[in-house]
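J.: Work out the full structure, taking the sequences as your base and the hints as a guide.
Below are the chains, spelled out letter by letter.
There are 2 protein chains.
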Amino acid sequence: MTLSETGQVKYRNFKIKVAYRGTGLSGWQRQENGLAVQELLEDAVGKVCGHPVTIHGSGRTDAGVHAAGQIASFFTKSARTPTQMVRGANRFLPRSIAVLEAEEAPLSFHARFSCTGKKYHYDYLVTETRDPLRDWRAWWVGTRLDWDGVRSCLPELVGEKDFAAFQSAGSDVKGTVREIYGAWLTSPEPSIRRLEIAGSGFLRHMMRAIAGTLFEAGRGRLGREDFKNILASKTRPRAGMSAPPEGLSLAEAYYEPKAELRRIFGGE
Amino acid sequence: MTLSETGQVKYRNFKIKVAYRGTGLSGWQRQENGLAVQELLEDAVGKVCGHPVTIHGSGRTDAGVHAAGQIASFFTKSARTPTQMVRGANRFLPRSIAVLEAEEAPLSFHARFSCTGKKYHYDYLVTETRDPLRDWRAWWVGTRLDWDGVRSCLPELVGEKDFAAFQSAGSDVKGTVREIYGAWLTSPEPSIRRLEIAGSGFLRHMMRAIAGTLFEAGRGRLGREDFKNILASKTRPRAGMSAPPEGLSLAEAYYEPKAELRRIFGGE
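Protein chains in written order, with this note's numbering: chain A, 128 to 395; chain B, 128 to 395.
Treat each hint with caution, since some may be false.
One copy or two, either will do: identical chains are not told apart, so a pair holds if it fits within one copy or between any two.
The calculated lysine to aspartate or glutamate pairs, modelled on EDC-like cross-linking and capped at a C-alpha distance of 16 Å, are [to be verified]:
| no. | residue 1 | residue 2 |
| --- | --- | --- |
| 1 | K144 | E255 |
| 2 | K355 | E287 |
| 3 | K144 | D258 |
| 4 | K288 | E169 |
| 5 | K288 | E306 |
| 6 | K246 | E383 |
| 7 | K355 | E255 |
| 8 | K174 | D275 |
| 9 | K204 | E323 |
| 10 | K174 | D189 |
| 11 | K142 | E383 |
By construction, these hints were calculated from the structure, which means they are not laboratory data.
T.: Okay, structure coming up:
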């Protein structure tokens with residue numbers, strides 16, 4: 128513990144980058160039952176800091192959803208270095224969770240309130256048969272989807288729009304307007320089609336509702352005009368099913384000014 | 128059931144390709160406790176065939192070891208097509224196991240006795256910190272290993288040699304001479320170094336003992352001469368530790384004549 132000259136406890140603010148394999152975890156947020164990432168992190172980091180900590184994530188992820196670059200922050204009185212934080216926390220964390228990086232941040236930094244954007248990946252597995260080495264992190268949809276049809280719908284997502292049509296029923300957020308900076312279909316490996324969406328924020332289950340609706344587009348059941356109409360309807364039942372959680376991962380959280388994110392993603 | 132003209136039951140022989148995620152499985156062979164791949168496959172395929180089946184694999188894999196291309200065979204009286212076998216079996220298998228392909232084979236084909244070679248992959252994860260999205264299928268060894276040092280040892284493995292030094296203590300096989308067709312170090316993605324070894328056969332724990340000993344070479348604790356001497360000693364305790372099972376996967380099993388495999392892998 129460090130004491131400042133006025134005798135008050137001096138707090139430091141840490142920003143950490145966290146990855147997790149969502150399989151078997153109950154999501155980010157502390158739950159009645161199940162293993163929540165936030166809780167496991169607070170336990171591990173608390174042990175390293177020598178006092179209880181409260182950890183804020185850039186946002187919640189649902190049960191079964193993965194993260195390659197979740198950002199979180201916490202205050203501590205401990206004098207540990209960033210490297211000690213990373214190594215120490217990883218010793219106490221289960222194998223499905225790891226702290227990848229740590230750095231000291233200004234006291235004004237808050238992983239959720241300072242966040243200006245996030246990028247999610249939704250992976251579809253396009254093999255003839257199930258593939259147990261890949262389907263823990265991708266939704267197996269077979270080989271017959273029309274990916275040009277999927278791609279044609281993506282421009283409808285971009286911009287500041289009301290995404291109520293892709294919100295889950297039990298949500299309690301005030302507004303349903305969000306800004307999508309960009310949406311792309313990529314292929315990081317031959318058997319994977321990856322939907323990448325970067326936006327200012329995402330409603331509950333929004334990525335999975337979009338991924339499920341785009342699956343319908345891939346099956347030829349709806350085209351770009353239908354997709355546009357679903358979005359404009361602002362009504363959930365018109366959109367497709369929710370895609371399963373194992374295909375979804377939080378790729379990155381951003382803290383640059385929104386204007387910069389618009390420029391970066393608009394230029395991709 | 129098909130009856131031949133003589134009134135005898137006509138059996139058909141099926142060759143199948145199987146993939147599994149070894150995490151949480153107790154290996155290929157039926158065990159007192161735990162979930163064995165062979166047993167789960169026999170249950171699933173038996174349901175599709177409508178009668179109990181005995182499934183032979185190209186070889187055993189240990190608990191926690193993965194397979195991308197395990198080959199197995201079984202006799203059946205059923206008239207199912209190969210496609211029906213694949214789809215039917217996958218409906219009854221847990222998500223960690225899948226039948227990728229099926230084909231009818233001559234009655235003389237036996238997945239183990241006909242097998243002329245196998246290729247194993249051992250994956251090392253070379254990231255700064257643990258990576259939960261990758262370390263279920265790779266051994267995290269950090270960023271400081273000398274991969275040129277590892278590579279320099281590989282030629283010592285190639286050829287027909289006595290591999291007793293890399294055999295586990297509890298083995299009961301008669302001979303310890305095996306032929307290694309080729310050994311390479313590749314990098315399928317930036318954070319993975321992959322040891323690929325193709326050979327006529329592998330002793331129990333041989334791949335993991337080699338991977339553990341090469342790790343020592345990567346740490347600078349032994350060079351090519353030491354590696355050669357360990358092999359020549361034919362004594363297990365001189366070799367390095369056994370590398371953990373999660374890095375290992377059975378990539379392929381071969382049924383071509385050995386001369387052809389020597390030609391293929393010798394030319395790589």
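J.: All hints are to be evaluated individually against the structure, with a verdict given for each.
T.: Cross-check of the supplied hints:
1. Only between protomers do K144 and E255 lie at most 16 Å apart by alpha-carbon distance; the minimum there is 13 Å, versus 36 Å within a single protomer.
2. Taking the shortest alpha-carbon separations for K355 and E287, only the intra-copy value of 14 Å comes in at or below 16 Å, while the best inter-copy value is 65 Å.
3. Taking identical chains as interchangeable, the C-alpha atoms of K144 and D258 lie at most 16 Å apart only when they sit on different chains, with a minimum of 12 Å there against 29 Å within one chain.
4. Proximity of K288 and E169 under a CA criterion of 16 Å is satisfied in neither setting, with 35 Å inside one chain copy and 53 Å between copies.
5. Only within a single protomer do K288 and E306 lie at most 16 Å apart by alpha-carbon distance; the minimum there is 6 Å, versus 64 Å between protomers.
6. Proximity of K246 to E383 under the C-alpha cut-off of 16 Å is restricted to the intra-copy arrangement: shortest distance 13 Å within a copy versus 47 Å between copies.
7. Taking the closest pair of Cα atoms, K355 and E255 never come within 16 Å of each other, the shortest separation being 31 Å inside a single copy and 44 Å across copies.
8. Neither within a single protomer nor between protomers do K174 and D275 lie at most 16 Å apart by alpha-carbon distance, with minima of 50 Å and 39 Å respectively.
9. In this assembly of identical chains, K204 and E323 lie within 16 Å of each other by CA distance neither inside one copy nor across copies; the values are 38 Å within and 48 Å between.
10. In this homomeric assembly, K174 and D189 never come within 16 Å of each other (Cα to Cα): the closest approach is 26 Å inside a single copy and 36 Å across copies.
11. Taking CA atoms no more than 16 Å apart as the test, K142 paired with E383 passes inside one copy only; the shortest distance there is 15 Å, against 56 Å between copies.
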